[in-house]
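S.K.: So you can see what is in the structure, the chains are spelled out below.
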Amino acid sequence: MLWACILLPQLALDSVLRERDDPDTPLVLIGGATQRRVLQAVNPAAARLGLRAGQTLMAARALADGFTCVEADPAQVEQVQQLLAAWAYRYSAQVSLHYPRALLLEVGSSLQLFGPWPVLQARLREELDALGLRQRIVLASNPVAARMLANCHDGLALSDADDTRTALAKLPINKVGLPTEASEAFTRMGLRQLGEVLGLPRDALARRFAAGVQLHLDQLLGLRSLGLEFYLPPDRFETRLELNFDVESHQALLFPLRRMINDLAAFLAGRDCGVQRFELHLEHVEGPDTVLKVGLLAAERDATLLFELARGRLEPLRITAPVRNLRLLAADLPAFVPQHQALFDPRAQQAQPWEQLRERLRARLGDEAVQGLRAEADHRPECAWQLASQGASGTLQAAADSRPGWLLAAPLRLSEADVQLLGRAERIESGWWDGGDVRRDYYRIETREGLRGWAYQDLAEPGPLWLQGWFA
Amino acid sequence: MGAVVDLDGLLDQRRIWRGRQTQARPLGLQPTGHAHLDERLPDGGWPAAALSELLLASPGCGELQLLWPSLARLTAEAGRVVLIAPPFIPYAPAWQAAGVDLRWLSQVEAAPADALWAAEQCLRSGSCAAVLCWPERADDRALRRLQVAAETGQALAFACRPQHAAHNPSPAALRIAVDTRPAQWRVLKCRGGMPPAVPIASRRQG
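These protein sequence lines are chains A and B, in that order.
Heads up: the first sequence is residues 1 to 472, going by the working numbering.
Heads up: the second sequence is residues 1 to 206, going by the working numbering.
Please keep in mind that the hints were generated in silico from the structure rather than gathered at the bench.
Treat the numbers as computed from the prediction; the structure is a model and nothing was measured.
Every residue, glycine too, gets a C-beta built ideally from N, C-alpha and C.
Please note: incorrect hints may appear among the correct ones.
Beta-carbon label-pair distances, calculated as ranges [unchecked claim]:
| no. | chain 1 | residue 1 | chain 2 | residue 2 | range |
| --- | --- | --- | --- | --- | --- |
| 1 | B | N168 | A | G66 | 54 to 64 Å |
| 2 | A | A399 | B | P87 | 21 to 31 Å |
| 3 | B | R181 | A | R413 | 22 to 32 Å |
| 4 | B | L29 | A | E461 | 50 to 60 Å |
| 5 | B | R191 | A | R277 | 39 to 49 Å |
| 6 | A | E429 | B | P87 | 27 to 37 Å |
| 7 | B | A166 | A | P322 | 45 to 55 Å |
| 8 | B | P87 | A | L396 | 23 to 33 Å |
Some chain A residues flagged as far from chain B (calculated, every beta-carbon gap over 10 Å) [to be verified]:
| no. | residue |
| --- | --- |
| 9 | G132 |
| 10 | I173 |
| 11 | G177 |
| 12 | L254 |
| 13 | L407 |
| 14 | A425 |
For reference, chain A alone in the conformation it holds in the complex (with noise of 0.2 Å):
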C-alpha cells in the first residue's frame, strides 16, 4: 500500500479567493472575537502591504487600507473538503479527510490505471491548480508518515518502508504530531530528531510518557496501524454560493456559475456518472427564489457544455430581483454513458456530435425547438404527420409525387377565379372513429404564377376551395 498525503497548507484563504475573480487585490480573512478580530490569512498582494497573519485588524489598518477583509467561515472550508474528497474519489477507492485541511489517498492500487507516480502526481497537482489551490503532496509508506512528512516536504516520494523511516528519521521532533507536552518533553532532553527518539529503548519510553506517544510513533513507522474513516461519496450534488453582494445582471452571474458547474463536472467525474437535469436557485433578499431548471436529454458531464447548457438557460430568463446567493442542485445523476465513436468514423472530422448539438440548440430556442418528423398511418393530412423527438418512417406509403412536400399550417381560401384544377379529384374520407371527420374532395391546382398547390372542397359545408398544400 502506498499512500499519498496532499495537504493544503492554505484551504481557508484559497477557498476564499477562487470564488473572488480579482485574486491579485489585497484580501484578508479574519476571526476572533468582535472585540478583537485577529488576522487569520493574508494574499501575496496583501502581504506586500506589510500585513501578516496573527496581527490585530486595528493593527493592520493602521499600517495599510485597501485591503479586502473576508470573514472566515469554517462551513465553508468543510464543503470546499468535501468537495476535494469527491474529487479524490476518481484517482482511489480509499480517500480520508482524517486530518484537517489535508487528504489521505491509497494510491498503490490506482497507479495501473493512472500510470506511474510521477504522472499521478503530475496530473493531481494540475487539477488543483485548476481548482485554484495551493497544495504539497507527499508519498510515503503509510497514512501517518505521509501526513506528517508533508509537514516538512513537497514532492517527496518514498514507495518502501525504510525509506520512509530514513526520512522520518531526519523530522524536526515538533514537526512530527506529538502532542505538545511530549514534543516539548523530547526538546528539552537534548533529543531534535524523530530519528533520535526512536533510537531510546522502548520500555524506557513507555514508563516516561503517555500510551499515546508510542502508539503514535509505532503508526508512523507502520509497526501498527491507524484506523482511517473512509470517504463515502454522496448520492447528490448541492453547493451554495454567497455572493455577498446584489447582483442584478446576467453577466455578473456568469464567473460564479461557471466555478460551481465546475465543481459538479469534478464530482461527476469522480463519481463516474453524468447529470441528466439540474436546478439553479436565483435567491433573493425577500421573496421566493427564481428557479432555473436544466434538462438535457442525455447525461452529461462535460464541464464546458454544462456551462454553456445553463448559461443558455440563464440569459433569456428576467430577474425580477436583485440575486444574493446562488445554489446548485442536481438529485438525478444516472450512469454516464460515453459518446460511441468508431475508429474509422467515415465523418472524422465532426467536432461536435448532434446529441451536443441538439442540447445546445435547445438551450438557446427552447426545449421544444428540435424535434424529428414521424409519418403516421393516416389518410387525413393534417394528421399524418406528427413532430417527435426521434423522426421515424409511417407504415403507409404514399405514391410518389400524389402528395405535397409542404403541408400549410392552416388552410387558406382560394378564389376559384385565381386558380385552375387539374385533373380530377380524389376524395378522403375519413375520422369518422375520432369525432374529426373528414370529407372533402382533394384538387391539384395551379396559380397563375405557375405555383402547383393541393386544394380541397369540403363535401359537407360546399362552398370555396381551400389550399392546403404546396407541390413545391
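Starting from the structure of chain A, add chain B where the hints point.
M.R.: Chain B in isolation, oriented as in the chain A frame:
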C-alpha cells in the same frame, strides 16, 4: 519572370479559367440527382462544403423537386439533414415517398433572429450533412458566415431566398434561380466555371 509556375497547380486552384472544358472533372462528390443539371455544373453537383443559394420565384415553387434527390441520398447514407425554421410544414408522407429517411431529418423551430444563429451552429458542428434555411433578411455578411460555417463543418448549406435578392452580390458558391413559368432552373453563378447560358428545364410532374 523566372519563376516556373505549374499549370496543373494553377488550374487546380482555379486561378485560371479554361474557356472550353476539355477534360471532364471527376464526377463531384455531391450530385444533385438531376443528371442534366449535374453535367452543367463545374463540380458535377452541389459545391461540396459550401453555401448554395436557391432563389425562388415564390415560396413553394419547386425547391423540393430540386433538393429531394440530394436529401434522399444524404439521409440514406445516415447523414443528418436539418431544416431551420421552414416556411411550411414538411409533409411527412410526401418526404418519405420522395425517398428521404425521416429518421435523419430534423426540424428546428427558431424565431427569424435566431434562425441564422441556429443554421450556423448546425453547419459548424460537423454533425450535419445538409442544412436548409430560409433567411429572411440575410445580408452579405450573414451569408458569408454561413459559407464559412459550411466550410468548417464540411456540410452542404442551402439558403432559400426570394428572387429579388438575385440582384445583390452573394458569397454563395452556387446560385440557382428557380422559375415557374416556364419551369426551369437558371444557374446565375457557379464557382469554378462559367454559368451555363441556357436555362435548364426542370421536369415538373403532375
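S.K.: Hint by hint, say whether it matches the structure.
M.R.: Quick rundown of the hints versus the structure:
no., hint, verdict
1, N168/B x G66/A: 54 to 64 Å, "58 Å, holds"
2, A399/A x P87/B: 21 to 31 Å, "25 Å, holds"
3, R181/B x R413/A: 22 to 32 Å, "24 Å, holds"
4, L29/B x E461/A: 50 to 60 Å, "53 Å, holds"
5, R191/B x R277/A: 39 to 49 Å, "46 Å, holds"
6, E429/A x P87/B: 27 to 37 Å, "30 Å, holds"
7, A166/B x P322/A: 45 to 55 Å, "52 Å, holds"
8, P87/B x L396/A: 23 to 33 Å, "26 Å, holds"
9, G132, "32 Å, holds"
10, I173, "63 Å, holds"
11, G177, "55 Å, holds"
12, L254, "19 Å, holds"
13, L407, "4 Å, violated"
14, A425, "14 Å, holds"
Checked against the numbered hints above, the structure breaks only hint 13 and satisfies the rest.
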